[in-house]
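K.L.:
Sequence:
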Amino acid sequence: MFYYLMESERDPASDPLVLWLNGGPGCSSFDGFVYEHGPFNFESGGSAGSLPKLHLNPYSWSKVSSVIYLDSPVGVGLSYAKDKSRAYTTGDLRTANDSHTFLLKWFQLYSEFQTNPFYIAGESYAGIYVPTLSHEVVKGIHEQVKPTINFKGYMVGNGVCDTVFDGNALVPFAHGMGLISDDMYKETSTLCQGNYWNDSSSDECRTALRNVDKVIAGLNIYDILEPCYHSKNTKKVTPQNSRKPESFKDLGVTDKPLPVRTRMLGRAWPLRAPVRAGRVPSWQELGAYVLCMNDEVATAWLNNDSVRSAIHAEPVSSIGPWVLCTNILLNFDHDAGSMVIYHNSQEPYKPGLSCSHLQR
Numbered sequence: 013m014f015y016y017l018m019e020s021e022r023d024p025a026s027d028p029l030v031l032w033l034n035g036g037p038g039c040s041s042f043d044g045f046v047y048e049h050g051p052f053n054f055e056s057g058g059s060a061g062s063l064p065k066l067h068l069n070p071y072s073w074s075k076v077s078s079v080i081y082l083d084s085p086v087g088v089g090l091s092y093a094k095d096k097s098r099a100y101t102t103g104d105l106r107t108a109n110d111s112h113t114f115l116l117k118w119f120q121l122y123s124e125f126q127t128n129p130f131y132i133a134g135e136s137y138a139g140i141y142v143p144t145l146s147h148e149v150v151k152g153i154h155e156q157v158k159p160t161i162n163f164k165g166y167m168v169g170n171g172v173c174d175t176v177f178d179g180n181a182l183v184p185f186a187h188g189m190g191l192i193s194d195d196m197y198k199e200t201s202t203l204c205q206g207n208y209w210n211d212s213s214s215d216e217c218r219t220a221l222r223n224v225d226k227v228i229a230g231l232n233i234y235d236i237l238e239p240c241y242h243s244k245n246t247k248k249v250t251p252q253n254s255r256k257p258e259s260f261k262d263l264g265v266t267d268k269p270l271p272v273r274t275r276m277l278g279r280a281w282p283l284r285a286p287v288r289a290g291r292v293p294s295w296q297e298l299g300a301y302v303l304c305m306n307d308e309v310a311t312a313w314l315n316n317d318s319v320r321s322a323i324h325a326e327p328v329s330s331i332g333p334w335v336l337c338t339n340i341l342l343n344f345d346h347d348a349g350s351m352v353i354y355h356n357s358q359e360p361y362k363p364g365l366s367c368s369h370l371q372r
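Following the working numbering, the numbering of the sequence shown begins with 13 at its first residue and continues without gaps.
Careful, some of the hints might be misleading.
To be verified - No farther apart than 20 angstroms at their CA atoms in a straight line, the calculated lysine to aspartate or glutamate pairs in the DMTMM-like style are these:
#1 K75 / E21
#2 K198 / D215
#3 K75 / D110
#4 K151 / D110
#5 K94 / E21
#6 K65 / E359
#7 K164 / E359
#8 K94 / D110
#9 K96 / E359
#10 K226 / D194
#11 K226 / D195
Calculated directly from the structure, the hints in this document are not laboratory data.
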């Protein structure tokens, strides 16, 4: 498993240590490093494939903490396995177990961090990764597994939590934010009887939900008050490889330049995508293009041989190119169930931060 440690710029000997996980399943934690809270702001180098320009990020989490960016599970980002047939068949519970094994080995190697306050954080599908891994860590502490991890809590941003709760929240949220009319909300609520996620109750309910989808289809799901900003050269999906509404196709085409750090944050599931028990569909099956995002600078940087060498990652010639979200995890099972029970059982390690946007 590949990780990158960014030591605290303040006092790494005593500052908190944070493990950061992006979601997916299948998305690299370098998403967080490059576009969210890493030490640099990345600016396009000006020509296709050129190295981006790096600027110090004054809001980096490394200002006050050390951060481990972990590509998990194996096969994601710069993590890889020699036995792909076995390693790339995984799920929530195995991912948590593997990540816990990684942490134990990491703290063995870097014993100087064993006394630092330790937190686990992540977003989107890491709403599953974070509490399940936290559960493994807490269980290890209770069983006196060595080395002892000085675990203090966890943070989930915009996370997957519970299939029914998450799925049923969209329509009331859209109404509460004024995105759909009172009449549309009342009609949909009546026809679906408040059950918007398992919408097989009637044809009328399914029709009402399709009408809601049409109304909110053109929104930026990462920030409903903002338009989408992309380079004009951003590759579009075609009707043949996407299941998204036609109204999405031209999102991101703008004359406005893409300045440093205007990319919308946090890769998440496409609107209303099915996070259900059992096998999770791959990004390719869902039309793996995420709206309002441009990942060109991360791709150019992480596929450069000199950068790979500097961060001690295997070269492209050995493990292939880095992609933000891989489709290699074709057999990933959502086998952990609802996260509500995990959140309620983590005493005294309650989540320290939780936030939510439109897509959840």
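K.L.:
All the hints need checking, so say for each whether the structure fits it.
P.N.:
Right, here's what the structure says about each hint:
1. For the suggested pair K75 and E21, the alpha carbons sit about 5 angstroms apart, so the restraint of at most 20 angstroms is met.
2. With a C-alpha separation of about 17 angstroms, the suggested pairing of K198 with D215 holds against the 20 angstroms cut-off.
3. For the hint pairing K75 with D110, the CA-to-CA distance comes to about 29 angstroms; that exceeds 20 angstroms, so the pair is violated.
4. With a CA separation close to 14 angstroms, the supplied pair K151 and D110 stays within the 20 angstroms bound.
5. For the hint pairing K94 with E21, the CA-to-CA distance comes to about 36 angstroms; that exceeds 20 angstroms, so the pair is violated.
6. With a C-alpha separation of about 44 angstroms, the suggested pair K65 and E359 falls outside the 20 angstroms cut-off, and the hint is violated.
7. This hinted pair checks out: K164 and E359 have alpha carbons roughly 11 angstroms apart, not beyond 20 angstroms.
8. For the hint linking K94 to D110, the alpha-carbon distance of about 16 angstroms falls within 20 angstroms, and the restraint holds.
9. At roughly 37 angstroms between alpha-carbon atoms, K96 and E359 are farther apart than 20 angstroms, so this suggested pair is violated.
10. Restraint check for K226 and D194: satisfied, since their Cα atoms lie roughly 16 angstroms apart, inside the 20 angstroms limit.
11. For the suggested pair K226 and D195, the alpha carbons sit about 15 angstroms apart, so the restraint of at most 20 angstroms is met.
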